[in-house]
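S.K.: Read off the chains here:
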Amino acid sequence: MQTHDCGGAPRPTAWRLFLFFSRIGLTSFGGGLSGWLFREFVQERAWMSEEEFLNGLSLSQALPGVNVKNMAIWIGCRLAGARGAAAGFMGIIVPPAIFIVMLAAVFAAFNKYPLTNMALAGAAAAAIGLSASMAITAARRVPRRVLPMMFLAATFVAVAVLHWPLLWVVLAEGALSVAIEYRRLGCAKG
Amino acid sequence: MGSVLWSLWAVFAPLSLVTIGGGQATVAEIHRQVVDVHQWMTAQDFLNTFAIARLAPGPGSLLVTLIGWNVGGFWGAVVATLAIFAPTAFLIYGVAYLWRRHRGARWQLAPEAGLRPIAAGMILAAVYVLFMALEGGWWACAIAVAATLLMSRSRLNPLLVIVCGAAVLCAAQWAGWLS
Chain A
6 MQTHDCGGAP RPTAWRLFLF FSRIGLTSFG GGLSGWLFRE FVQERAWMSE EEFLNGLSLS
66 QALPGVNVKN MAIWIGCRLA GARGAAAGFM GIIVPPAIFI VMLAAVFAAF NKYPLTNMAL
126 AGAAAAAIGL SASMAITAAR RVPRRVLPMM FLAATFVAVA VLHWPLLWVV LAEGALSVAI
186 EYRRLGCAKG
Chain B
3 MGSVLWSLWA VFAPLSLVTI GGGQATVAEI HRQVVDVHQW MTAQDFLNTF AIARLAPGPG
63 SLLVTLIGWN VGGFWGAVVA TLAIFAPTAF LIYGVAYLWR RHRGARWQLA PEAGLRPIAA
123 GMILAAVYVL FMALEGGWWA CAIAVAATLL MSRSRLNPLL VIVCGAAVLC AAQWAGWLS
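Chains A and B are the protein sequences, given in the same order.
The first sequence maps to residues 6 to 195 in the working numbering.
The second sequence maps to residues 3 to 181 in the working numbering.
Bear in mind the hints are in silico, worked out from the structure with no lab data behind them.
Errors might be hidden in some of the hints.
With the Cβ distance kept under 7 Å, some of the chain B side facing chain A (calculated, not the full set) [said to hold, decoys possible]:
#: 1; residue: G4
#: 2; residue: L93
#: 3; residue: A107
#: 4; residue: L111
From chain A, some residues computed to sit far from chain B (all C-beta separations above 10 Å) [as the list claims (entries may be wrong)]:
#: 5; residue: P15
#: 6; residue: R16
#: 7; residue: A19
#: 8; residue: W20
#: 9; residue: R21
#: 10; residue: A51
#: 11; residue: S54
#: 12; residue: A114
#: 13; residue: I185
It should be emphasised that the depicted structure is a prediction, and the values quoted were computed from it without experimental measurement.
Beta carbons: idealized from backbone N, C-alpha and C, even for Gly.
Let the hints inform the model, and build the full structure from the sequences given.
M.R.: Okay, here's the thing in C-alpha cells:
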C-alpha cells in the first residue's frame, strides 16, 4: 500500500495540498496548468514518479470532464486519499474562480493600455515552455514500437492539422489502441 | 431567478460530460448556447469574457464561471462552476481509487499503455496550436522556444520565466521592435 512506485519523499497533508493547488491555480498566468502540476509534483518535490503522473494524465484526458480538474483529483487521491482528492478539486477551482470574477472587473479598466496586452501575450508565449517541456517528456515516454508511434502521429495530425473533434479522436483511437495493448499483454502472459 | 439558475445548470452540466481532451473543444457549443439559444450575452460580450478567461490564471473552463456571474450574479457563478466541474469529478475519483487499490492488473496496464501515445499526441497538438496562435510575431516565438529550453534543462521557477517572457515582449513593444 505505501510502496507506490514513487520516491520516499514524505506525503503532504490534504490541507497542504489545497494550498499547493491554490497557489498553482492563482499563479499559472498564460495557461499550461498541467505543465505546472508536472513541474511542482514530479520535478520539484518528487511526490510522484513521471510514470505515475503520465498515467494519470492519459486517463484525465480520455475520461470526460475538464482535464486539469481530473488531474488535480488524480494527484490528490494518490497523495492523500479522498481528502486529498477533495483538496485538489477545491484548490484548483475555488480560489481561481473568485480571482477571475475580480479580475474581470479590474481588466475592464486596464484593457485600453496596449502594454497590458503585450504583457499577457509574453506570458502566454513563455507558458508554452511549460507545456512543451511536459509534451517532450510525454512523447519520450511512449514505447518505441511501431503502433504506439503511429497512434501518436495520427492523434497529432487529426487534432493539430485536420482539427477533428477531440471527442471522436479519443473515443476511436483510444478504444483501438487500448484493445491492441490488452491483446498484447494477454499474449505476453500466455 | 430560480429558472435562470436551472437553465445554467441544464446548459453546462451536459457539456461537462462531453468535455474530453480539453475544455477548448466545447467553447463553440458554449457560444451557441449563451449567445444564440438563450441570448444571455451579446457576441461581443462573449468575446470579451472569453479573452479574460484565457488570460486569467487557473483552468480555462472558468469561462463558465464568468458567464454564470454575468447572467445570475453570485449564485449564477456558483451554479455554473459546479455544473461544468462537479458531475465528472466522481468518475475520475472512482478511477483513481480503483487504480490505487489494484496495482498492475491487466485492465489497468492496457489503458495506461494504450492511452499514453494518444495523450502525448494531444499534448503535442495543443502546444502546436498555441504556438501557431501566438500574438507578438517572431519575438513571441523566440520567447516560447527559449522558455521550452529553460524549462526542460533547468530548475528555474516557472513564474520567473513567465514574468521574464512578459517583460521581454513589453520591452520589445516599448522599443518599437514589434512592427
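S.K.: If a hint holds in the structure, say so; if it does not, say that too.
M.R.: Results of checking the hints against the structure:
no.	hint	result
1	G4	21 Å, violated
2	L93	6 Å, holds
3	A107	10 Å, violated
4	L111	6 Å, holds
5	P15	18 Å, holds
6	R16	13 Å, holds
7	A19	14 Å, holds
8	W20	19 Å, holds
9	R21	19 Å, holds
10	A51	12 Å, holds
11	S54	13 Å, holds
12	A114	12 Å, holds
13	I185	7 Å, violated
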